[in-house]
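Protein chains in written order, with my numbering: chain A, 10 to 301; chain B, -2 to 309.
Bear in mind the hints are in silico, worked out from the structure with no lab data behind them. Check the hints yourself; a few may be wrong.
To be verified - In the DSBU-like style, the derived pairs of lysine-lysine whose C-alpha atoms are separated by at most 35 Å in a straight line are:
1) B:Lys34 x B:Lys98
2) B:Lys274 x B:Lys186
3) B:Lys186 x B:Lys244
4) B:Lys87 x A:Lys224
5) B:Lys87 x B:Lys98
6) A:Lys158 x A:Lys238
7) B:Lys98 x B:Lys186
8) B:Lys274 x B:Lys87
9) A:Lys224 x B:Lys98
10) B:Lys274 x B:Lys98
11) B:Lys87 x A:Lys158
12) A:Lys297 x A:Lys262
13) A:Lys262 x A:Lys238
14) A:Lys262 x B:Lys87
15) A:Lys297 x B:Lys186
16) A:Lys158 x A:Lys297
17) A:Lys224 x A:Lys238
18) B:Lys98 x A:Lys262
Unchecked claim - To spell it out: a stretch of chain A is covered by chain B in this simulated footprint if at least three of its residues, at any positions, have a beta carbon under 8 Å from a beta carbon of chain B; those stretches are:
19) 33 to 45
20) 143 to 157
21) 165 to 172
22) 225 to 234
23) 241 to 247
24) 274 to 280
25) 283 to 292
Even glycine gets a Cβ: it sits at the ideal position worked out from N, Cα and C.
Listed below are the residues making up each chain.
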Amino acid sequence: MTTAADRFWRRTEALLAEFPADVRLHRDDFYSQPDWDVYQMRYTSADGFRLFAWLSVPHGDGPFPAVIRMPDYASVHDIIYTPLRERAVVMNPTFRGQRWSDQVFQAAFPGLLTEGIAGADSYVMRRVFADALRGFDAILQQDQAQIGKLAVIGAGLGGSLALAVASRRDAVIAVAANTPMALGNPASLAPGLAYPLAELDDYLRLYPDRREAVKRNTADLDPLKTAGKITAPVLLSVGINDIGLCPLAFGEKLAAKIPDCDLRVYHGASEGGGHEHAQIQLSWLSDKLGLG
Amino acid sequence: MATEQDLQDFSTQVTCPDDFDDFWTGTLEMLSAISLKPVITAEPLRSNDDVHVFNVTYLSLGGLEISAWYSLPAQGDGPFPAVINFPGYKSEPPVRRDWGKSGVAVLSVAVRGKLKSSAEFNPGYPGLLTAGLESKETYAYRGVIADCVRGVDFLRSRPEIDPERIYACGSSQGGGLTLITSALRPEIKAGVAGYPFLCCYPEAMAMFQSYPYDELACYARAYPDQEERMLDTLRYFDAVNFAPRIKCPMVVGIALDDEVCPPETSYAAYQALTGHKELWLFPNSGHGNAHDYPGQERAWLEGQIGLTAVVS
Chain A
10 MTTAADRFWR RTEALLAEFP ADVRLHRDDF YSQPDWDVYQ MRYTSADGFR
60 LFAWLSVPHG DGPFPAVIRM PDYASVHDII YTPLRERAVV MNPTFRGQRW
110 SDQVFQAAFP GLLTEGIAGA DSYVMRRVFA DALRGFDAIL QQDQAQIGKL
160 AVIGAGLGGS LALAVASRRD AVIAVAANTP MALGNPASLA PGLAYPLAEL
210 DDYLRLYPDR REAVKRNTAD LDPLKTAGKI TAPVLLSVGI NDIGLCPLAF
260 GEKLAAKIPD CDLRVYHGAS EGGGHEHAQI QLSWLSDKLG LG
Chain B
-2 MATEQDLQDF STQVTCPDDF DDFWTGTLEM LSAISLKPVI TAEPLRSNDD
48 VHVFNVTYLS LGGLEISAWY SLPAQGDGPF PAVINFPGYK SEPPVRRDWG
98 KSGVAVLSVA VRGKLKSSAE FNPGYPGLLT AGLESKETYA YRGVIADCVR
148 GVDFLRSRPE IDPERIYACG SSQGGGLTLI TSALRPEIKA GVAGYPFLCC
198 YPEAMAMFQS YPYDELACYA RAYPDQEERM LDTLRYFDAV NFAPRIKCPM
248 VVGIALDDEV CPPETSYAAY QALTGHKELW LFPNSGHGNA HDYPGQERAW
298 LEGQIGLTAV VS
């Protein structure tokens, strides 16, 4: 049976198909390092939006395993920062409105989560998921580095984007998602949450008559609706005290929907497992990517 | 992971310039000559039953307009104690509504370059840390620090705020700015500096290949003939040199697995404090993610404010 979420994702793919990615790379001499090169990467997403990504490429001959680190809910996405960058291609894509992808539209934080939320076509977060898919496609289209095994990772919104991409792209061989944002799930509309999810309740407090529109226009983004389509193994971390991104009950439901999921539950809040989990994730990713 | 012994064995090469106090006295004099011109605008979207939230703007060094989130308790007329919250390097300042029920106001400052304060100055991220490094007069952080000082001035100008009960906190860059601003504004009564950035630049940029400190290493690699001048400029903006000038009680929180702000460099700032001070060490924690830090920060500040028994 075709669901509303299926229709949303098909529509998203169709929007992307209207514009070729037109990937351009420019070596950044300032930020390139002795052991890897850093590139400024630009490509086109839905609506003709030009997006930016940081791309690092190790010295030596490929193919290289690759990690795409999806952006969190923040104005800035890091310049390359992962211990794997010496041995793997690392891409940090941004979404529309983040710095370096803000020529047309500058996102507000807080604010982006409800930008245009009253309408399905105007709700910016639906396009943010399109941007994530296009970022994935762009790394496969660039010609600077030959890509081998490819993992997608992220935290918060980045965790949700990583899961969404994995549900749509079979080339993903591993996913590491920390405290994925519950946007789209009814849990995200509960009162008493912390930011960023609390932005939704802020909006509904001011516009109570728009509750049904908010539910309808976010629902397709619910990670639970695409989790069953993920074929890659997933390492998922949640914090028992998280009320801003991935409430525990939501995280447990999500894990149950993912066919191959290693759920780690930690004492923390939105930081999930923090440093402890970062070490576990690094080891897990290295194993999945064949980095020893 | 760094050990406590590593922290104690560390010695920084950072020295304090002879004209350090003159430079900052002159900067504060320039600042005081600029009218604050505060504008306060209600933000009904962010306000709730506990907290009234406002957007605030005020003028800072160079006449730049700086924005901040201003959260006031919904109950009572004040004067309220206030916490000034300084932002991290890449994160936007949070809307702090968590203190409202406790009767505490919060000013969350968007220093120049943050989205809300970027109309006239926007070097970007990465970029802020190296903007204007050519001299202490042009370095971006002269303005960033002034923006924080000006936030204290704003609070002291408000009739609903108790000027004798202003406290400071922040993590990462916010931790460094907590230390620095507390040195420049003795009106701050106590502060908590988490995982402080802006400490011991020469060592920090060499210890890890992680940003933002690595921006400095990139700068030195790109302009090797200017590295010495860069390091000289940075001495005027190093929290280690501000620390001995802080008179109020201060906490420094350090994660021993911090891979962004080397624990040794944060510890050097703690060591340089000469007033009442406390050290919180978090083993098995990285930058900004010690599970217990937010609760400890809150409890300690509540004690200082007088909401609970003082935690010592």
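query = Three or more residues of the segment 241 to 247 of chain A near chain B by CB distance under 8 Å?
reply = With 0 residues in contact (Cβ-Cβ under 8 Å with chain B), the coverage given for the segment 241 to 247 of chain A is violated.
request  = Closer than 8 Å, Cβ to Cβ, for at least three residues: run that test on the segment 33 to 45 of chain A against chain B and report holds or violated.
outcome  = holds (count 4)
inquiry  = Between the alpha carbons of Lys87 (chain B) and Lys224 (chain A), is the straight-line distance 35 Å or under?
reply    = Satisfied, since the Cα-Cα distance of roughly 31 Å is no more than 35 Å.
request  = Below or equal to 35 Å on CA atoms is what counts here, so check Lys274 (chain B) against Lys98 (chain B).
outcome  = holds, 28 Å
ask   = Keeping to a limit of 35 Å between CA atoms, is the pair of Lys158 (chain A) and Lys297 (chain A) held or broken?
value = Satisfied, since the Cα-Cα distance of roughly 8 Å is no more than 35 Å.
ask   = Holds or violated: are the alpha carbons of Lys262 (chain A) and Lys87 (chain B) at most 35 Å from each other?
value = Distance ~32 Å between Lys262 (chain A) and Lys87 (chain B) Cα, so the pair holds.
ask   = Going straight from one Cα to the other, do Lys297 (chain A) and Lys262 (chain A) come out at no more than 35 Å?
value = holds, 24 Å
message = Closer than 8 Å Cβ to Cβ for three or more residues is the test here. Does the segment 283 to 292 of chain A pass it with chain B?
response = With 4 residues closer than 8 Å to chain B, the segment 283 to 292 of chain A meets the three-residue bar; holds.
request  = Mind taking a look at whether chain B covers the segment 274 to 280 of chain A? Criterion is 3 or more residues with CB to CB distance under 8 Å.
outcome  = holds (count 5)
query = Given the proposed pairing of Lys34 (chain B) with Lys98 (chain B), does the C-alpha separation stay at or below 35 Å?
reply = holds, 29 Å
inquiry  = Between the segment 225 to 234 of chain A and chain B, are there enough contacts, at least three residues with CB-CB distance under 8 Å, for the coverage claim to hold?
reply    = violated (count 0)
query = Hey, Lys274 (chain B) versus Lys87 (chain B), does the alpha-carbon distance stay inside 35 Å?
reply = Cα-Cα ~28 Å, so holds.
The structure fails to meet hints 15, 20, 21, 22 and 23 from the earlier list, while all remaining hints are met.
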